[in-house]
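Note that UniProt numbering has the sequence shown beginning at 1, numbered continuously upward.
Simulated from the structure, these hints should not be mistaken for lab results.
Treat each hint with caution, since some may be false.
[As the list claims (entries may be wrong)] Straight line, CA to CA, 30 Å or less: simulated DSBU-like cross-link-like pairs of lysine-lysine:
hint, residue 1, residue 2
1, 174, 275
2, 266, 248
3, 223, 182
4, 147, 116
5, 174, 105
6, 116, 84
7, 265, 147
8, 147, 236
9, 116, 174
10, 261, 275
11, 178, 223
12, 178, 248
13, 281, 266
14, 281, 182
15, 182, 84
16, 265, 178
17, 146, 116
18, 174, 84
19, 3, 73
20, 178, 281
[Stated by the list, open to error] Simulated DEER-style distance windows between Cβ atoms:
hint, residue 1, residue 2, range
21, 119, 59, 39 to 49 Å
22, 100, 33, 15 to 25 Å
23, 173, 122, 52 to 62 Å
24, 127, 259, 30 to 40 Å
25, 14, 220, 46 to 56 Å
26, 170, 391, 33 to 43 Å
27, 119, 175, 23 to 33 Å
28, 29, 75, 29 to 39 Å
29, 184, 255, 42 to 52 Å
30, 188, 77, 42 to 52 Å
31, 175, 217, 26 to 36 Å
32, 129, 184, 13 to 23 Å
33, 259, 218, 14 to 24 Å
Quick caveat: nothing in here was measured; it's all calculated off a predicted structure.
By construction, the Cβ of each residue, glycine as well, lies at the ideal position given by its N, Cα and C atoms.
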Amino acid sequence: MSKLSRVPLIAISSETTHLISILLNPPKVIPSSNGLLRDWRGFAQVCAVGGEILPAIAADSDPTYRILSIVQKRSQDFTLQHLKDALEHIERWDIVDDSQPYLDKDANLYLERLQKSESTAEENNFIIDSEILTLDDQFRIERGQKKQHYDAFLLYADEDIDFVNEVVENLERKNNLKLCLKERDLIAGVTFEHEAIMRLISERCNRLITILSPDFLKSPANKFFLNFAQATGIDKRQERKIIPCIYKSCELPPQLTYFSKIYYKKFSSEFFWDKLIRSMKTVIDVSKIESPVEIVHEISALKDVNSNGLTLNESNEDDNTKENSSERTSKLIKSNYPTISKAKSNQVSSQGEVPTTSESVPPLPSLDKLDSLENFESCTNTTKQNSKKKKFMSKYVKKVQSLLPKS
1 MSKLSRVPLI AISSETTHLI SILLNPPKVI PSSNGLLRDW RGFAQVCAVG GEILPAIAAD
61 SDPTYRILSI VQKRSQDFTL QHLKDALEHI ERWDIVDDSQ PYLDKDANLY LERLQKSEST
121 AEENNFIIDS EILTLDDQFR IERGQKKQHY DAFLLYADED IDFVNEVVEN LERKNNLKLC
181 LKERDLIAGV TFEHEAIMRL ISERCNRLIT ILSPDFLKSP ANKFFLNFAQ ATGIDKRQER
241 KIIPCIYKSC ELPPQLTYFS KIYYKKFSSE FFWDKLIRSM KTVIDVSKIE SPVEIVHEIS
301 ALKDVNSNGL TLNESNEDDN TKENSSERTS KLIKSNYPTI SKAKSNQVSS QGEVPTTSES
361 VPPLPSLDKL DSLENFESCT NTTKQNSKKK KFMSKYVKKV QSLLPKS
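The task is simple: from the sequences and hints, build the whole structure.
Structure (structure tokens):
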């Protein structure tokens with residue numbers, strides 16, 4: 001089965017049609033061996049086009065093109081091979097030879113498009129697509145993760161790109177901070193670029209770093225984003241939303257006059273980078289982190305034990321063993337008072353919460369100061385070892401009692 005027999009006549013190009021028309025339109029006097037005229041009239045007869053529409057075709061300036069158009073509309077089964085057979089039937093071998101390369105080209109192009117059409121692109125989810133602002137967003141959403149958040153958006157002038165590369169090198173590659181740059185990270189095809197940048201600054205970036213220079217202040221867009229970031233910081237009560245970095249001396253805009261600034265050339269480069277990094281980092285509010293219930297119970301149990309005048313058992317520790325004070329406290333309590341762990345588990349409700357009592361649970365004391373006590377391991381193996389251990393443990397208990405809040 002030839003290639004042309006798989007390609008319908010609709011695949012014929014205008015270039016091929018024009019070539020066949022030029023050669024077939026002029027009338028021929030000498031007919032073919034089978035009695036058919038060797039011009040468009042014989043071609044129409046072979047293609048079964050005639051009757052009452054034949055005069056209209058004859059009056060057309062391009063009768064061959066008119067015949068091909070009628071055949072295309074009438075039958076979808078008429079292929080390029082049928083066209084070639086019709087030309088051979090009226091013995092127009094010259095047209096067959098001249099049009100063969102064009103017909104092959106049309107057939108190849110049609111078959112390639114047919115093959116590509118077997119696979120289709122995924123339908124676009126416009127709701128998700130509207131949330132993708134950066135390349136990082138696309139990578140994360142494809143993996144089922146949340147949208148990308150950044151430590152800072154970097155706002156600068158194109159003329160200061162060398163220094164911007166230095167900033168990226170120090171903050172991202174050396175300190176693992178995440179920056180957002182318009183030219184590098186913003187995804188292509190965003191209709192309103194300014195709106196996308198505003199969303200990034202207000203919703204996805206903790207800070208806005210401005211690389212200030214005379215070229216920076218020449219840009220109306222930079223001034224607009226600077227004003228927007230300041231308004232966003234005021235609205236969300238983010239006092240350190242903007243971090244101004246003075247790269248080159250310039251007359252600062254009024255809105256930055258009272259900001260604390262970082263000067264690139266005023267001090268050493270080490271001081272500049274250290275201050276910039278510290279200014280960017282987000283501090284976790286440890287006051288909102290709840291202490292583990294087990295630690296609270298353990299300290300509460302220690303308070304109850306000491307208030308009843310109990311003493312800790314003696315513990316033989318190897319000289320090579322090194323433990324901090326909090327670890328020693330926990331181990332000594334568990335080894336000498338196993339009932340504390342049982343009582344502690346009974347006090348915890350099924351929801352994992354400590355039941356309220358008439359006396360509120362005291363805050364967790366800091367045991368850092370216990371490090372100043374002489375080490376338990378410092379006792380030498382002499383005849384007076386047991387006596388020294390008892391004295392040490394007595395001091396230890398008194399120190400713990402002094403750190404606990406008095407009821």
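We went through each hint and held it up to the structure:
Proposed proximity of residue 174 and residue 275 is supported: the alpha carbons are some 15 Å apart, at most 30 Å. The straight-line distance between the Cα atoms of residue 266 and residue 248 is roughly 10 Å, inside the 30 Å bound, and the hint therefore holds. Among the hinted pairs, residue 223 with residue 182 is consistent with the structure: their alpha-carbon atoms are about 15 Å apart, no more than 30 Å. Using a Cα cut-off of 30 Å, the hinted pair residue 147 and residue 116 is violated, with the two alpha carbons roughly 33 Å apart.
Straight-line distance between C-alpha atoms of residue 174 and residue 105 comes to about 56 Å, which puts the hinted pair past the 30 Å bound. Straight-line distance between C-alpha atoms of residue 116 and residue 84 comes to about 27 Å, which keeps the hinted pair within the 30 Å bound. With a C-alpha separation of about 36 Å, the suggested pair residue 265 and residue 147 falls outside the 30 Å cut-off, and the hint is violated. The hinted pair formed by residue 147 and residue 236 meets the criterion: a straight-line CA distance of about 20 Å does not exceed 30 Å.
Restraint check for residue 116 and residue 174: not satisfied, since their Cα atoms lie roughly 46 Å apart, outside the 30 Å limit. For the proposed pair residue 261 and residue 275, the alpha carbon gap of about 10 Å is at most 30 Å, so the pair holds. Taking the CA atoms of residue 178 and residue 223, the gap is near 23 Å; set against the 30 Å cutoff, the hint holds. For the proposed pair residue 178 and residue 248, the alpha carbon gap of about 24 Å is at most 30 Å, so the pair holds.
For a cut-off of 30 Å, the pair hint linking residue 281 to residue 266 stands: about 22 Å separates their Cα positions. The hinted pair formed by residue 281 and residue 182 meets the criterion: a straight-line CA distance of about 21 Å does not exceed 30 Å. Only pairs whose Cα atoms come within 30 Å are accepted, and residue 182 paired with residue 84 is rejected, the gap being roughly 58 Å. Straight-line distance between C-alpha atoms of residue 265 and residue 178 comes to about 24 Å, which keeps the hinted pair within the 30 Å bound.
At roughly 34 Å between alpha-carbon atoms, residue 146 and residue 116 are farther apart than 30 Å, so this suggested pair is violated. With a C-alpha separation of about 70 Å, the suggested pair residue 174 and residue 84 falls outside the 30 Å cut-off, and the hint is violated. A distance of roughly 22 Å separates the Cα atoms of residue 3 and residue 73; the hinted pair therefore holds under the 30 Å criterion. With a C-alpha separation of about 11 Å, the suggested pair residue 178 and residue 281 falls inside the 30 Å cut-off, and the hint holds.
Under the hint 39 to 49 Å, the C-beta atoms of residue 119 and residue 59, about 47 Å apart, fit the expected range. Look at residue 100 against residue 33: about 22 Å separates their beta carbons, and that is inside 15 to 25 Å. Range check, residue 173 to residue 122: Cβ separation about 34 Å, and the 52 to 62 Å hint is violated. For residue 127 and residue 259, the Cβ-Cβ distance of about 39 Å falls inside the hinted range of 30 to 40 Å, so the restraint holds.
Distance hint for residue 14 and residue 220: a CB-CB separation of about 49 Å, consistent with the stated range 46 to 56 Å. Judged by the Cβ atoms, the range 33 to 43 Å given for residue 170 and residue 391 is violated: they are separated by roughly 55 Å. A beta carbon spacing of about 44 Å between residue 119 and residue 175 contradicts the range 23 to 33 Å that was offered as a hint. A hinted range of 29 to 39 Å for the beta carbons of residue 29 and residue 75 is consistent with their spacing of about 31 Å.
Between residue 184 and residue 255 the CB atoms are about 27 Å apart, so this pair departs from the stated range of 42 to 52 Å. Between residue 188 and residue 77 the CB atoms are about 44 Å apart, so this pair conforms to the stated range of 42 to 52 Å. For residue 175 and residue 217, the hinted distance range of 26 to 36 Å is satisfied, since their beta carbons lie about 28 Å from each other. Distance hint for residue 129 and residue 184: a CB-CB separation of about 21 Å, consistent with the stated range 13 to 23 Å.
Hint check: residue 259 to residue 218, Cβ distance near 20 Å, so the stated range 14 to 24 Å holds.
Taken one by one, the earlier hints fail for this structure at numbers 4, 5, 7, 9, 15, 17, 18, 23, 26, 27 and 29, listed in ascending order.
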